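Whenever a hint applies, use it, and build me the whole structure from the sequences.
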Amino acid sequence: MSARRLQGGRAPLRLLPSTLRRVGEGFADRHQSLAVLVGVALVGAFLPIVVGVPPFSGFGNQNDFLDGFANAGVFVLLALGLNVVVGLAGLLDLGYAAFFAIGSYAYAYGASPFSHLAVPFWPMLVVGALVAATFGILLGAPTLRLRGDYLAIVTLGFGEIVPVVFTNSDTYTNGTNGIAGIYQPSLHGLFGIGSFGFGNPWPYYVTVLLVVAVAMMLLYRLQDSRLGRAWVAIREDEVAAASMGVNTVTTKLLAFAIGASTAGLAGVFNASKLSIVSPDQFGFTVSFTVLAMVVLGGMGNIWGVAIGAFTLYEIQSVFLKQLTNFVQALHLPVLDLGFLRLDISAIDFVQYQFLLYGLALVAMMLLRPEGLFPSRQRKRELHESEEEAVESNEGLVQA
Amino acid sequence: MSESAPALILSASGVTKRFGGLVAVNEVDFDIPQGSIVSLIGPNGAGKTTFFNVVAGLYEPTHGSVRFMGDEMIARGRRAWAEPLTWVLPTVIVALLGFFIMQMSGSGTTLALAMLVALGLLITMFLLAIVRPPIYERMLHRLGIFKSARPNDMVVAGLGRTFQNIRLFKTMTARENVMVGMHSRLRSTVLDAALRLARHRREEAEADVRARHWLAFVGLKGKEGEMARNLSYGDQRRLEIARALASQPKLLLLDEPTAGMNPSETSQMMTLFGRIRGELRLTILLIEHDMQVVMGVSDRVTVLDHGEKISEGTPDQVRRDPRVIEAYLGKGASA
Numbered sequence: 001m002s003a004r005r006l007q008g009g010r011a012p013l014r015l016l017p018s019t020l021r022r023v024g025e026g027f028a029d030r031h032q033s034l035a036v037l038v039g040v041a042l043v044g045a046f047l048p049i050v051v052g053v054p055p056f057s058g059f060g061n062q063n064d065f066l067d068g069f070a071n072a073g074v075f076v077l078l079a080l081g082l083n084v085v086v087g088l089a090g091l092l093d094l095g096y097a098a099f100f101a102i103g104s105y106a107y108a109y110g111a112s113p114f115s116h117l118a119v120p121f122w123p124m125l126v127v128g129a130l131v132a133a134t135f136g137i138l139l140g141a142p143t144l145r146l147r148g149d150y151l152a153i154v155t156l157g158f159g160e161i162v163p164v165v166f167t168n169s170d171t172y173t174n175g176t177n178g179i180a181g182i183y184q185p186s187l188h189g190l191f192g193i194g195s196f197g198f199g200n201p202w203p204y205y206v207t208v209l210l211v212v213a214v215a216m217m218l219l220y221r222l223q224d225s226r227l228g229r230a231w232v233a234i235r236e237d238e239v240a241a242a243s244m245g246v247n248t249v250t251t252k253l254l255a256f257a258i259g260a261s262t263a264g265l266a267g268v269f270n271a272s273k274l275s276i277v278s279p280d281q282f283g284f285t286v287s288f289t290v291l292a293m294v295v296l297g298g299m300g301n302i303w304g305v306a307i308g309a310f311t312l313y314e315i316q317s318v319f320l321k322q323l324t325n326f327v328q329a330l331h332l333p334v335l336d337l338g339f340l341r342l343d344i345s346a347i348d349f350v351q352y353q354f355l356l357y358g359l360a361l362v363a364m365m366l367l368r369p370e371g372l373f374p375s376r377q378r379k380r381e382l383h384e385s386e387e388e389a390v391e392s393n394e395g396l397v398q399a
Numbered sequence: 001m002s003e004s005a006p007a008l009i010l011s012a013s014g015v016t017k018r019f020g021g022l023v024a025v026n027e028v029d030f031d032i033p034q035g036s037i038v039s040l041i042g043p044n045g046a047g048k049t050t051f052f053n054v055v056a057g058l059y060e061p062t063h064g065s066v067r068f069m070g071d072e073m074i075a076r077g078r079r080a081w082a083e084p085l086t087w088v089l090p091t092v093i094v095a096l097l098g099f100f101i102m103q104m105s106g107s108g109t110t111l112a113l114a115m116l117v118a119l120g121l122l123i124t125m126f127l128l129a130i131v132r133p134p135i136y137e138r139m140l141h142r143l144g145i146f147k148s149a150r151p152n153d154m155v156v157a158g159l160g161r162t163f164q165n166i167r168l169f170k171t172m173t174a175r176e177n178v179m180v181g182m183h184s185r186l187r188s189t190v191l192d193a194a195l196r197l198a199r200h201r202r203e204e205a206e207a208d209v210r211a212r213h214w215l216a217f218v219g220l221k222g223k224e225g226e227m228a229r230n231l232s233y234g235d236q237r238r239l240e241i242a243r244a245l246a247s248q249p250k251l252l253l254l255d256e257p258t259a260g261m262n263p264s265e266t267s268q269m270m271t272l273f274g275r276i277r278g279e280l281r282l283t284i285l286l287i288e289h290d291m292q293v294v295m296g297v298s299d300r301v302t303v304l305d306h307g308e309k310i311s312e313g314t315p316d317q318v319r320r321d322p323r324v325i326e327a328y329l330g331k332g333a334s335a
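Protein sequences, first through last, are from chains E and V. Quick note on the numbering used here: the first sequence kicks off at 1 and runs consecutively. Quick note on the numbering used here: the second sequence kicks off at 1 and runs consecutively.
Everything labelled a hint here was simulated from the structure, so no lab data went into it. Quick caveat, the model's predicted, so the values are computed rather than measured. For each residue, glycine too, the CB sits at the ideal point set by N, CA and C. Do not rely on the hints blindly, as some may be mistaken.
A partial selection of chain E residues facing chain V, derived with a Cβ cut-off under 7 Å [what the hints assert, rightly or not]:
hint	residue
1	Leu218
2	Arg221
3	Leu222
4	Ser225
5	Arg226
6	Arg229
7	Ala230
8	Ala233
9	Glu236
10	Asp237
11	Ala242
12	Ser243
13	Met244
14	Gly245
15	Asn247
16	Thr250
So, in structure tokens, the structure goes:
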């Protein structure tokens, strides 16, 4: 098939020997959708087994882990959507959590005692995505002329406004308390994995895998199309893109809409899983976390971003907690210098999560600016300047 | 003008562009006959590139208009002030109607309904104004409101261009750069791509073949997979031309295509211009500093200085024009 992918190294394949990798990449190029489905299915089958093996089995039981994985899936979806806006189209969006909130509230209105409606979960996934996409366009429209920093500030404002609106419109949103008692999805035992509920994470785990797989498949297809090329062209040089016939207005709006619709999917799923939405779930920290996931994973690379999001979520929800427990169990002596008392055993690492994000981002920007699993293009972009510097030096020597 | 005047592909009249107090282009009239190679020359800062950018839809002119293939594409907006009225008027009318009905019947639901419709109308008009689909443009035309074409509209109409400072999509491959050039000629929508319909796959396959064809045409065969950034300077210039050709233009604007090239590269480039005209039957508007190129390939030459047209004619006429010599070499030289 001639329509090869535009960019993006297939991160999980990088670890294999080169021949095998070439065969694998060739296959993935030709049957991309199948590769995504197989990849997600493999990961999905692998994870529940891994958590039964020490040392992971010591951290918690399988159900707790699966519940965490389902939550991680929400962040994977968010990161995939933000990757379209930031990674492909190059539009820095700092208020991405707003679309997550809009998707969540859309489901809360569609299926809760608050609105006296009970629309089933599956159609609400589509509705949530569409509602979020509409708001994506409404936000995108006034920002079309803005670039870089200015765009970031406007989106930041939008991200702050949305939760505030949900907080203050008491009569329609129940204010700070949020909307509780949201109905959970029902599958009627379709997969033989029991019904959705708080005690049984399996249905949520399978659902989120399904949604992530479909989202990844569609995003890969869009990235390979005329639209994907136009996004990258706008990121590279907007004036040149317009002069080559790319309608920059609709192309950017589509980036916002598609990014927002993915967040809408995540929102609907999240609301159905938690069964409550409240404005404080959608603060700036969510936008920031998702952006950190995209940057750490490797902007522009779909698999990289997904893995980055999953890893970061697991670090904050599992690793830091275990680290706290582990350090506590060591019973280290308290360091007492009179003016300074340092009790390492009492440190709660979860509290330092954002400090650690910050450090990780700084380290990343210095050591590996293209992310853990860079797209081919970003890698070139960021390392080209060094080569160029070398070349120009050589030129000087010759002259 | 010759007796059997050929059809004009582009006709600019009285084009003026001011940046604050600076008049970059002043009352320039400019005609390009179909199938010719026309050059635009002048000292640095004469306003050649500004004129180019006006024609390409990048800048809106302060005065004047540009007709392309017989259609007025670019001009200072007429009744542009009336456009915002079309955004709010439907909303206001519906809202007032709602008030009126409420006064008559005394029911609050009508008002609420009218307000909802009014809000919907406002959002719809707002989005229409931003996306500017053909329906909206036609509506504006019917109301006598004229807006200049945007760069992408000019490409759709049949104008391709290159840039003075190369503006390739640097981290895309040569093939992908050319495929972006085809953007306006490809039809697949988001849905086609998402569902990967047969139509979409066929179009992508054809686009791939055509991209390779254009690369071979400009002499970049075998470099399809190279990153644009890694190509040599001359190849980057060629790639820009291939990218412009991929949009199937009728008029090609080339902004200093041989700048920074050695003599052998320059002569290759001149051959390429000949082939573009001979084989593809395109019209070329060229900005160039290399007089050998200008005199060698052009049918007509226009000279700009300080934003004004000072001379026009065949290469020989222009070469002998004292005003041209004065502009390039100073007053004493023309005497």
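Structure-based check of each hint:
Given the 7 Å rule on beta carbons, the hint for Leu218 (chain E) holds: about 5 Å separates it from the nearest Cβ of chain V. Checking Arg221 (chain E) against chain V: minimum C-beta separation of about 5 Å stays under 7 Å; hint holds. Interface hint at Leu222 (chain E): satisfied, since its Cβ lies 6 Å from the closest Cβ of chain V, which is below the 7 Å cut-off. The restraint placing Ser225 (chain E) at the interface with chain V holds, with a minimum CB-CB distance near 3 Å, inside the 7 Å limit.
Hint status for Arg226 (chain E): holds, given a least beta-carbon distance of 5 Å to chain V, under 7 Å. Taken as an interface hint, Arg229 (chain E) checks out: its beta carbon lies about 5 Å from the nearest beta carbon of chain V, inside 7 Å. Using the Cβ-Cβ criterion of 7 Å, the hint placing Ala230 (chain E) at the interface with chain V is satisfied: the shortest such distance is roughly 6 Å. Given hint, Ala233 (chain E) at the interface with chain V, holds; its Cβ is 5 Å from that chain's nearest Cβ, closer than 7 Å.
Among the interface hints, the one on Glu236 (chain E) holds; its C-beta lies about 4 Å from the nearest C-beta in chain V, closer than the 7 Å criterion. Interface hint at Asp237 (chain E): satisfied, since its Cβ lies 5 Å from the closest Cβ of chain V, which is below the 7 Å cut-off. The criterion of a C-beta within 7 Å of any C-beta in chain V is met by Ala242 (chain E), whose closest approach is roughly 4 Å, and the hint holds. The beta carbon of Ser243 (chain E) comes within 5 Å of a beta carbon in chain V, closer than 7 Å, and the hint placing it at the interface holds.
Proximity of Met244 (chain E) to chain V holds as hinted, the smallest CB-CB distance being about 5 Å (cut-off 7 Å). With its C-beta approaching chain V no nearer than about 3 Å, Gly245 (chain E) sits inside the 7 Å limit, and its interface hint holds. Interface hint at Asn247 (chain E): satisfied, since its Cβ lies 5 Å from the closest Cβ of chain V, which is below the 7 Å cut-off. Against a cut-off of 7 Å between C-beta atoms, the interface hint on Thr250 (chain E) holds, since the closest Cβ of chain V lies about 6 Å away.
Of the numbered hints stated above, none is contradicted by the structure.
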